[in-house]
Amino acid sequence: FPFPFPSSWTGDTSATPYNVIYLNEGNAQFTNILDHPLTLEDSHTAQLFDQDNDGDLDVLLTRYSWSFGGYNNLFVNEGNNNSWIVLTCEGTISNRSAIGARVQAKAFVNGAHTTQTREITPINGHLTWANFRVHFGLGDAEVIDTLIIRWPSGIVDTYFDVKSNRFYKAIENLNLAFLCPSGGISFTTQEQIDNFPIDNPDCVEIAGNVVISGSNITNLDGLLQIEVFGGNLEIYGNDVLPNLSGLNSVSSIGGDFKVLNNPVLVDFSGLGLLNSTGGSFQITNNAELDNMNSLSGLSPLASIAGNLWISQNPNLSSLSGLDGIDAGSIDSLFIHENESLTTCHVASICNFLDLGGYADIYDNASGCNSQIEVDAACPVKINEIITGTHFEIYPNPASGVAHLRYSISDIRYSIFELYSIWGIKVKTLLHEEQQPGEYELSIDVSDLPDGIYFIRMQSGDTQATGKLVVIH
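If you're matching positions, the sequence shown starts at -11 in my numbering and goes up one per residue.
Each hint should be verified, as a subset may be incorrect.
Unchecked claim - Just the calculated beta-carbon pair ranges, DEER-fashion: (1) 19 to 182: 39 to 47 Å; (2) 302 to 215: 31 to 39 Å; (3) 103 to 192: 33 to 41 Å.
No lab work stands behind these hints, which were simulated from the structure alone. Glycine included, each C-beta is placed from N, C-alpha and C at the ideal position.
Build out the structure end to end from the sequences listed, making use of the hints.
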């Protein structure tokens, strides 16, 4: 593959203001590649390493502070279909970083028997650091026939038939262990799902992003051992996947969790241990999510650290199952175009609306067709209930006249005030001394705009607040 490096001196003290790249032809010959983006600017060292853990080498070019403002350049390799392995070596008798170890890979690559050699060193070049991981590009090879590690201690470890496209860890004089994939994983067939525990017997945590999308994926049982997805998890376009059984051990998702365009997904059973996501949670266009229990598999979910997005699920009737999400963990709320959705007033949603968070709710069924309707269905909260005080608002929602019924147990000076959702006082409803007894106060709301209002009562030393929804 191309190996870029900066050229050396042009004078006594100045470095060459351009890069050069030489292509290794594999026959002890190199070709100078002149027209390449990596040669357009100057730098001092090129570091090749797999910065995004996708199996190919990326390039970091470093500079002095006076060169191009001191900025470094990272060139990300978009990859191809070539095979590879990445190996981390750990010394036991030798130094732990395996500095000085020499690794050889023998494989049949692109029609030829090939031997590649790498040495782990503490230096790489000027203004950079050493990359202790060993990378081999393998072309079309599916296995390395022989992998030999010569440790500084003199120990030689040899491994045969090492599968390509894997991350490995070699421990001196012990074993070669397959590491969990670090990310960029796409499951597109049932066979890939089924083979995962065979190829990855000890893998319980996948550090990076995972996509599950395939026309023949019927179950996720091959992922039963996974406990943590460290990045995003996207499950979309699975034509015959009825539930999420197989994710039973997953306790957390480090990034976004998206479940989109799965036409026969009936429910979320299989997520009985999922406690948190580190990003947004989106459920969109899953036509068969259809009953009160469809989301019940999500009941342990307590935190999402992002947006909650429920949209275009035509048969979904209830958000029960999302009750346990901490409202403070929701950034914004989007509930729209769920034409059968009538029950949105679960605890997490009601608490989020009470906190005044941003919500976009529309084109759902009656009862969940707007923020006002959801607020109206949420329980009317009384922040403080004092013995001897009873406070009830009806009808709620109201359109013409609302009634406020209450009782007091002794002589008190009572004040009732109406406030907008923004905390602005709209009017004083009552301000007088009252005898013990039961009372009913009529409130004309016919001239009030649709919206959410709060009635604040102060009776003697006690206070209470109730919510009133006005819909004309």
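Hint check:
1. Distance hint check: the CB atoms of residue 19 and residue 182 are about 45 Å apart, consistent with the given range 39 to 47 Å.
2. For residue 302 and residue 215, the hinted distance range of 31 to 39 Å is satisfied, since their beta carbons lie about 34 Å from each other.
3. Taking 33 to 41 Å as the suggested C-beta distance range, the pair residue 103 and residue 192 conforms, at roughly 35 Å.
Against the hints set out earlier in the document, no violation occurs for any number.
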